[in-house]
Amino acid sequence: MSRRPSTIPRLLIVPAGLAVALFALPILALIARAPWGELTSILSDDDTGRAVGLSLVTSLITTGIALAIGVPLALVLARTRLPGRRIILAVCTLSMVLPPVVAGVALLSVLGRRAPLGRLLDDWFGVTVPFTGAAVVIAQLFVAMPFLVITLESALGSVDRGPEEMARALGARPWRVLTTVTVPSVRSALLAGTVLTWARAIGEFGATITFAGNLPGVTRTLPTETYLALQNSPDRALMLAVIQVGVCLAVLIALRRRWVPAITGGRP
Amino acid sequence: MSLAITIRRALGERRLEVDLEIADGERLVVIGPNGAGKSSLLRSVAGLDPIDSGRVTFGDEIWDDAATGEHRPVESRRLGVVPQRDALLAHLNVLDNVAYGPRSQGVSRREARRRAHRELERFHIGHLADARPRSLSGGEAQRVAIARALVAEPTALLLDEPTSALDLAAKAGVRALLTAATTATARPSLIVTHDAVDALTLGDRIAVLEEGQITQIGTGRELAAAPRTGYVAELLGINLIRGSLNGSTLTSGNFELTVGAHDLPGGEAIATVRPRSISLHRARPEGSPRNVWQSRISSIDRTADRVRVRLVDPVEIVVELTAAGLDAIGVGEGGEVWASVKASEVSVTGG
Amino acid sequence: MPVVVDVLRCRLAATIPLCAVLLTMGSACSGSGAPERVNVFAAASLGAVMAEVEQLYEAANPEVDVVVNLAGSSTLAAQILAGADAAVFASANTAQMDLVRDGLGLGPATVFATNELVIVVAPGNPLEITGPDDLSRSDLVVALAAPEVPAGAYAMEMLRRAGADVAPATLELDVRAVVTRVALGESDAGVAYRTDVIGRSDVASVSVPDDYQVVADYPVLAIDPETGGPVVEMLTSAVGRAALNDAGFGVP
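Chains as they are written, first to last, in our numbering: chain F, 1 to 268; chain V, 1 to 351; chain X, 1 to 252.
By construction, these hints were calculated from the structure, which means they are not laboratory data.
Quick caveat: nothing in here was measured; it's all calculated off a predicted structure.
Among the hints, erroneous ones may be present.
Below, a sample of chain X positions facing chain F; criterion: calculated Cβ distance under 8 Å [said to hold, decoys possible]:
no.: 1; residue: A78
no.: 2; residue: A146
no.: 3; residue: D165
no.: 4; residue: V166
no.: 5; residue: P168
no.: 6; residue: L171
no.: 7; residue: E186
A partial selection of chain X residues facing chain F, derived with a Cβ cut-off under 7 Å [said to hold, decoys possible]:
no.: 8; residue: S74
no.: 9; residue: E148
no.: 10; residue: V149
no.: 11; residue: A169
no.: 12; residue: T170
no.: 13; residue: L173
no.: 14; residue: G185
Sample of chain X residues with no beta-carbon within 12 Å of chain F, all distances over it, derived [stated by the list, open to error]:
no.: 15; residue: A51
no.: 16; residue: T75
no.: 17; residue: D85
no.: 18; residue: L99
no.: 19; residue: L144
no.: 20; residue: A162
no.: 21; residue: R181
no.: 22; residue: D210
no.: 23; residue: P225
Every residue gets a Cβ at the ideal spot worked out from N, C-alpha and C, and that includes glycine.
Work out the full structure, taking the sequences as your base and the hints as a guide.
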């Protein structure tokens, strides 16, 4: 695809440049200040290993659950005439704008030991959710899944319905239409939403610390580990942060190349 | 089996009220201006949109019956549908697009592909099997769409403006393909269009849909000879002359017509001439028109102040003029007249 | 949209320099007609005391505007070392104070308050927790502060002295979160400072025997002796000591 000549006012370069500086400078400063000599020792240290392992496992489980329940939610919201679907969508994505700590408190208010649902779980099954790995996953789901739902819902809402109707006319039943037409037609958004959800989950901190607490190997994820390191070994914190930035950067670059254009309406 | 359509449906401010029966093997064209309700009609027949009252039946199968609430979903109607454009599934290649219908009906992948191949070969587009829809021209994509609609032996064919998104040359090819594909089959075809040439070339009968109502129905000749509304007169009143085109000359039997500028390569073509652009004269006219011929009046149809005169020999053509104009010429039915038309008033389209 | 993903990351990385810049800008903007601004960086646990001191000091010195910046001691230390315009630094531990003194080449600080540990329990102490030993009971959900933060380190030391082998359910990032856990009923017990529970009705406290007690020292230093010195003086004066006592602090 050839590049079209620019049609935007040139002056826009200035605020755009400011925006770039806002994002780039802190990251560059972080990379510059990080004690690179300690990279290997920090990477091989047990605490780091436990936190990275827990973060990877929980965020992947979160992503899996988000796909299993978030995709159906997006489909129901985009493709049915459910009364109040706008309101449901708003409720299901509200956690995106909630301060994460408040999200954690909200989860405690439902699943905490003294909370209605939490008490039932405790009385009936002897299960307590807070301070467990399950709580980490629930906290991540609560704040991260909206990224998948909102990305997919908007893609489903704007995609041309013609091909689906065509497939039905050719004899395809609903499941076949879903798997052979609907999902492929929003493939880019699905991938983008999945990766965004995963990235948000692996970076989750506020809701996790509030709802799940912090115990090494059980609930202490990489962001918590980083925050704690900041208390008395800032160098280690910086290095941990750089590791996270590296992972995120890799994801964002992958996103930008393949998937983001499709959801923002451009062509790859 | 025939397709019987009785549909009552609200369309915003208006209502769609259509009663049609399409016989075995018949091609019925529904023509009408934009917003007349053509697409809504097609969607209701397909079962994509509900009807408020009425019935749609195919032989003794009830597809829709508003009175009983009976409804056969679109995927169970075994239809062949060709939309205006973008019919193909973008992420599948041509072969898998054509195989999609049989696959959806439970045929094995291998067998579905074999059938798809055979269908593509039948339409001489076997070489496109591996192509992605995005790489096809509009004409190629419509050919594939038609092959796909036919591969699963559909009950009925529904075509929504099948040529309107195509350029002139591609229109001709697709039209020819549709004619071939729908001739000598037992299945009814419903073709919706706003293109008069489509209507006149494809339709065994033409139904005119205006503001949700069928205003006239009949063969192209019947409609052209006695249009009941201004729209029909304007749109279907045009004369079509089939012939072979060579440069600026179209030859139809022993009749030759000089046509206006065009970019067709030649060969089979259709010339269109509006009835009002033809003049009638008692004697051979003086002056410049390239096309002048002597003809015989077979009938005269007077509606209000306009008169439609049907000429025969050497070619069948309808001329529209004012009553005063005809009186001035003073020739009646069976009389001889001279007709003339400027070459620039004769346009051609692919046959 | 990817921006959101990075917010947390950025927050961690950018907070320190950004806060420093904002605070510096704030003080630079105060003109000659406006009251002189004195920035007091104080550990979060000193909130109530500092509010009172601010009020008293401004009443006595109308030309001065005392601005109290409350945060964790380590955050404050990082801000000051990054160049934030602090006139006074009141820390909840000597380690962070030493960092600042070393970094800026300043003289010794004064310990102006002490804080002792208590065991935080539900109101009425329904589980009958009597001392540190009880915290090792397996039927209890115990919350401690993480050993990386001062209160956590003190709590660990206290439990070690008491010989209690405690398996906490969570290691909170700051000591107030420990109290919140108990207040919400998510934990049965925790260890926090006396100042964190004083005046609260949603939790009760059990004292730690003196033998095991670990006392936290609160040092204060006038980074800018000219503007900060008088604030430090007030803090260590009789009114300051009274305010500290009211808030549950010990005074040396």
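Right, here's what the structure says about each hint:
Restraint check, X:A78 versus chain F: the minimum CB separation of about 7 Å is within 8 Å; hint holds. The restraint placing X:A146 at the interface with chain F holds, with a minimum CB-CB distance near 5 Å, inside the 8 Å limit. Hint status for X:D165: violated, given a least beta-carbon distance of 16 Å to chain F, over 8 Å. The interface hint given for X:V166 is violated, since its Cβ lies 12 Å from the closest Cβ of chain F, which is over the 8 Å cut-off.
Given the 8 Å rule on beta carbons, the hint for X:P168 holds: about 7 Å separates it from the nearest Cβ of chain F. Look at X:L171: its Cβ gets to within about 5 Å of chain F, closer than 8 Å, so that hint holds up. The criterion of a C-beta within 8 Å of any C-beta in chain F is met by X:E186, whose closest approach is roughly 5 Å, and the hint holds. With 7 Å as the threshold, the beta carbon of X:S74 comes within range of chain F, its nearest partner Cβ sitting at about 5 Å, so the hint holds.
At its closest, the beta carbon of X:E148 sits 4 Å from a beta carbon of chain F; the interface hint therefore holds under the 7 Å criterion. Because the smallest distance between the Cβ of X:V149 and any Cβ of chain F comes to about 5 Å, under 7 Å, the interface hint for this residue holds. Evaluation of the X:A169 hint against chain F yields a held restraint, the C-beta minimum of about 4 Å falling below 7 Å. The beta carbon of X:T170 is positioned within 7 Å of a beta carbon in chain F (closest approach about 3 Å), and the interface hint is therefore held.
Annotation: X:L173 was flagged as interfacial toward chain F, and the flag holds, the nearest CB pair being 6 Å apart, inside 7 Å. For the restraint placing X:G185 at the interface with chain F, the shortest Cβ-Cβ distance is roughly 4 Å, inside the 7 Å limit, so the hint holds. Listed as a non-interface residue, X:A51 keeps its Cβ farther than 12 Å from every Cβ of chain F; the least gap is roughly 23 Å. Residue placement check: X:T75 does not keep its beta carbon more than 12 Å from all beta carbons of chain F (closest about 8 Å).
At roughly 20 Å from the closest C-beta of chain F, the C-beta of X:D85 stays outside 12 Å, upholding its exclusion from the interface. Look at X:L99: its CB is around 9 Å from the nearest CB on chain F, not clear of 12 Å, so calling it non-interface is violated. Interface exclusion of X:L144 from chain F breaks down, the closest Cβ pair being 10 Å apart, not more than 12 Å. Every Cβ of chain F is farther than 12 Å from the Cβ of X:A162; the closest lies at roughly 21 Å, confirming the non-interface assignment.
The beta carbon of X:R181 is not kept farther than 12 Å from every beta carbon of chain F, the shortest such distance being approximately 8 Å. Every CB of chain F is more than 12 Å from the CB of X:D210 (nearest about 28 Å), matching its label as outside the interface. No beta-carbon of chain F comes within 12 Å of the beta-carbon of X:P225; the shortest separation is about 28 Å.
Violated hints, in rising order: 3, 4, 16, 18, 19 and 21; the structure is consistent with all others.
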